[in-house]
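Asks: Chains as they are written, first to last, in the working numbering: chain B, 1 to 252; chain F, 1 to 200.
Since the hints were made in silico from the structure, they are not lab data. Please note that a few of the clues may not be correct.
If you want a taste of the chain B side facing chain F, the calculated C-beta under 10 Å gives, among others [to be verified]:
id, residue
1, Leu66
2, Thr70
3, Pro233
4, Thr241
C-beta: ideal position from N, C-alpha, C; glycine also.
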Amino acid sequence: MSPDVHTLTGAYALDALDPDEREVFELHLAECSACTHEVAELVATASRLGAAVAVTPPENLRKRVLVEITRTRQETPGGLRLVGADGELGAIRRRKWTTRISVAAAAVAILVAGAFGVVAINANHQLQTAQGALSQAQQQYAPVAQLLAAPDVHTASGTADGGSATMLTSRSLDKTVLVTANMPVQPANRTYQVWGINSAGFHSLGLLGNGSGGTLNVTDLGNARQIGITVEPAGGSQQPTSSPIMHFAVPA
Amino acid sequence: MNDSVRPLRRTIDAGLGLPAPTAEELLVEVARGSESAFEQLYALIASPIFGLVRRIVRDHAQSEEVTQEVLVELWRTASRYTPERGSALNWAMTLAHRRAVDRVRSAQASTDRDQRVAAMSNDREFDEVAEEVATRLESEQVRRCLSGLTDLQRQSIVLAYYNGNTYREVAELLDTPLGTIKTRLRDGLIRMRDCLGVTG
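Construct all of the structure, not just a fragment, from the sequences and the given hints.
Replies: Structure follows, in structure tokens:
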């Protein structure tokens, strides 16, 4: 339990994390019982802050709500509960194995889906490629899993056009991985390119292909302050030829 | 976290010598489809929910909308509640905060929000809170505990919780490094926890 990740318990209890960051923190939380206990207490503390500013709502609100519930079907006990779905209350104790597994499964599914995108393109070599895809998925997933378990993992993320990119970095592992999901698919002659940005300018961190998701092992983050993603001609560019569709600060 | 928020119990029928049901007991009834239990629950939790939502959302009509959403969601998902998840009020407030924050974050570009927040003096922000909370015993305790924080702890918590800012926004608004804000949100909240006597 590193103090670095652990400091996020406060921001999490106050709903002060970005959605992607919250997701990653919840993954960490599933593995950290000390964090879970602290978060439960801090969430309860936040509720006290909330209750302290009580104001009686207008009477017509009461009438509307009481009418509305007569028209609203209740969930049955044990009904389908999706992580992050409407009604998720952020309570931690019930994030037991089922939700942990579903979160982990979703993470794997994103990565495997990315890997299998390759399969579709090379349909002629199905078996060979499927094997390749599986081992690629394993290779892709391994560094992410390793990072998620790191006590000092830091995350940052950005979104664009419905897609998102999340960067995980750990100083103790000296490792940084960037994962994208749901990005708009680009034509075959284009590629997503990831850039490190600082006052000196842009330097390429690698290519993510033209598909909707991918994983990039960042080997040379250098002294980048910001991460930018641009769409470039296939093969990548020396310097960006378009403005970034997404940028965000490098994790602290 | 069962005693994190004191059990709410209506006292109007105290003369009968029968304790009125707690919010937790009512929620169990609500999960079984009892509309009358929901009506009693409404009397206990609507004001805390509306007060918090209004602080974050500000706009009165939108605050009513979000409050209605939250209350109907509590009705819809009541079967998910179990006492080990903490008090019913705790459960409701967590949902209310999340929904209010969703509303302001999706409704406004971050620049608008930054401007809105930047235009407000943090001191005034705190005075407002202090003023609103001064009337009730619970509030008095929260006010006292808030005033026991350092300025940076208090400003960070007020901006994050009562204003719905992310910690990144808080860092920008207070012109303070991200790492410092993360730490102040945590140690400030821990100090509040200890001051309010919240146990896990």
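Asks: Which earlier hints turn out false for this structure, listed by number in ascending order?
Replies: Per hint list: 3 and 4 violated.
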